[in-house]
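Undergrad: Line by line, the protein sequences are chains B and U.
For the first sequence, my numbering gives the first residue as 1, with consecutive numbering after it.
For the second sequence, my numbering gives the first residue as 505, with consecutive numbering after it.
Hints were generated in silico from the structure; no laboratory data involved.
Hints should not be assumed to be uniformly reliable.
For the chain U half of the interface with chain B, some residues (derived, Cβ under 10 Å), not all of them [stated by the list, open to error]:
hint	residue
1	Ile556
2	Leu603
3	Ala615
4	His632
5	Gly636
6	Val670
7	Leu764
8	Leu832
The C-beta atom is built at its ideal place from N, Cα and C for all residues, glycine as well.
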Amino acid sequence: MDAAGAALTRGRLASAVCLGLLLAGGGAADAHVGSPDVFHEGVAGPYKVFVTVRPPEVVPGIATVDVRVGEGPEPSEVTIVPTPLVGEGADQAPRPDRATPDPTDRGFFTGRLWIMERGAWRVRVRVTGAAGAGELDVPVTAVALRTRRMGPGLGALLGALVLLLAAALIGIVRAAAGEAQRPPGAPAPDGERRRSRRAATVTSLVSLGLVSLGLVWWRAESSVYALAVYRPMAMTAALSGRQLALGLSDPGREPPPSRGGLRRGWRKLLRRPDDLLPDHGHLMHLFAVRVPQLDAILHLHPERTGPGAFVQTLPAAAPGSYRLFADVVHASGLPETLTAALELPPGGSAPGGDDAVGAAPSGSAGPTAVLADGTRVTWLRDGDGPLPLARALWFRFRVDDRDGRPARDLEPYMGMAGHAVFVARDLSVFAHVHPSGSVPMADLTLANPDAVHAMHAAAGAALRAEVAFPYGFPKPGDYRIFVQVKRAGTIETAAFDATVGPTR
Amino acid sequence: MSTAPVVAAVPERSETAAARSLTRSWAVACVLGASVSVALGAHWDIAWHRSIGRDAFWSPPHMLIYLAAVLAGGAAAVMILGATLGGGRAARDSSVGVLGFRGPLGAFVCAWGGGTMLVSAPFDDWWHNAYGLDVKILSPPHVLLAIGILGIHLGALIFVLAERNVAEGARRRALDALFLGIGGMVLVALTTVIMERTSRMWMHDVGPYQAVALAVPPVLAAVGAAAERRWAGTAIASTYTLFLCALIWVLPMFPAEPKLGPVLTPVTHFIPPEFPLLLIVPALALDGARPWLAGRGRWARAAAMGSLFTIAFVPAQWAFATFLMSPLARNRFFGTIYFDYRTPADGLYRHWLFIPPQYGSIVGLALGLLVALLLAVLTTWLGLAFGEWMRRVRR
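Using the sequences and the accompanying hints, generate a full structural model.
TA: Structure follows, in structure tokens:
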């Protein structure tokens, strides 16, 4: 009874992580849209480490963690442990788990982590080996992405078993009311049959009532869990001339808090419209993608004018229908991508500051994008078939000048060697990725301030003509990849196409 | 009622009785073991969840719970198959028929409990996949499991009582004592189900008293009606109290460390349950009043006993809760120094404070306690009916 029960089956629990099962209607999943997995490269002391975290789809649930220790000193042990990114419990870690080394692949470790509450977490990866020990903190967002309906097979099996139990209960009560009271060997007294039958009838009715009550309770519990399924904040977009006004509000689907903190995870305040943290100096990174062709992209940084209110003067760009994706990070560390639609009229002037506008072919894009100023960006990929599903891949791009020589004038763009955006043609997936991975900078700063400074310093030191981004596709389909780099003060945007197969 | 003439009609009487006595002594040991092991396993498992947090299918407390299912289910299967397939007329004559099988009634109830526990397993597994690994006791699959566990306890109770009811002399007295022991385990099981609702932090509200009115009076009434000792209720309340006190005194001796976050309070050893409810007070009152109530109708007894239970229990527990929140209780004896790893450092519980009550005015309090009293009357009636039936069960 109990948490005992909690457990009868927990050990057998198959990993809840199954990327293909994201509910299409659910829309979003945390920092990006439809793309909950975390890919992050960093250093743990003397070790170069690449970490993939697949968060659970239900919370509490189990996340899977892959750790690859790159070339260099050999690792002997990798441990992983989750703590909240900020707030209560952030400074007290439970006992770390040892990740399991892959017997055939040196330097590759896998592990499973129990994530017990919704919100922003820090997975601390500790690598020990020949060169000593080092740690890397990887921010991970855990939100409930769905509840699940019971399949017909299991439903029928459980229904049949409950019927059997009810039949047995009726039989037991019938015996209890009659035969059981007879001394051994005695014949049935008068009235025993009638008594037994009456008890069986009452038990049938009571069983029916109890099962119905149980079903009502189940439905009520299910609707409470459904309230906890993640929805991004709502965003409205209103255009007045070239002035875009964005309004953020919480859709207010939080389940009611229970007394005494029995559902603590839901009581925790994860977000407000006005608790945003700056990311690369901006509270919001707004991407506008022209639909359905995905042939124009705007990367903008609206200014805050009040609680949950932002404005942006729209630069000149191809008119038409746009889908807006706004990346924000809350003080709790919860990153979100908010979406809205926009009709962009003609007009406007050139973008300024960190803002950028990029154009892309309406049809399919080739392996080399030739931009308006002659800059050539080439996707250095092996082969040209469909890409695998749900596997961490490196996307490498080389930037050449108009003469075909590697560009020597690349600069950091908002502290990064480049920014990449992965958008599914059906808009069900949107991810904004950096060379260090899919974690928003604001979260990396919360987890590991020193490392972020080091990263920025490294980006500013000497930029090579190649830029690479780690990412794994969450679902099969056609995608467009936008890559943004900065050359001598000009932000360049190149577009590429990828098809993701149904297999891993 | 004498059984002698009927039994005498069976020719192989003495062998049958001896064989039955031997087989059933073995089965009595099994169901008693099941009852104790599931009560211990459940509490150990809850302590595990409150200190280590994470577990696996084969964790030691789970093994104890499985052991209970194996003991009770195994004993039940042996008895049912024995009576159904072999055993001859003698076995048939001392058994009942359910769904075409024959066996002692208690064996069927044990088997039903084990079956219900089994059914709850895939349901619970699905629940975790659908809604998340739960951290609370009261969920539909857990309640199904609890009903299964209760089935095992009740099966043990009925089986032992059926044996007692046809035994004589020392064996009868021994079986009556065992019956009280299992009754204590039933009390432990039912108070575990309402544990989330009866934490000391709620004790100055009406909720815990209503929960207790649902769970405890039926056990005290049923055992009191079926047992042959005057202080039966006091005995099972003492068993319950000692069982939980032993957990409070022993569990913290074993080291444990959280393997789940967030860790809001550091934990270095197993976290025991809270100090037992003062059920000993109403139990004493009910046992004391029993001679005066004898011979009255069931509703009259239920009304008197349910009222007496509430009037004895509420003030005692209310005052005791005040004591538990005081510095005097912050020691290893009363155990209010233990907090699980999920206890928020800034929470009322951590600071020995009551949750502000929800009943509103004094009228709300009175009405809430009146509801508790009426519930106690109702559940006492059910307990009396069950207890009187248990006195008559012979197979």
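Undergrad: Quick check: which numbered hints come out false for this structure?
TA: Checked against the structure, the only hint that fails is number 8, while the rest are satisfied.
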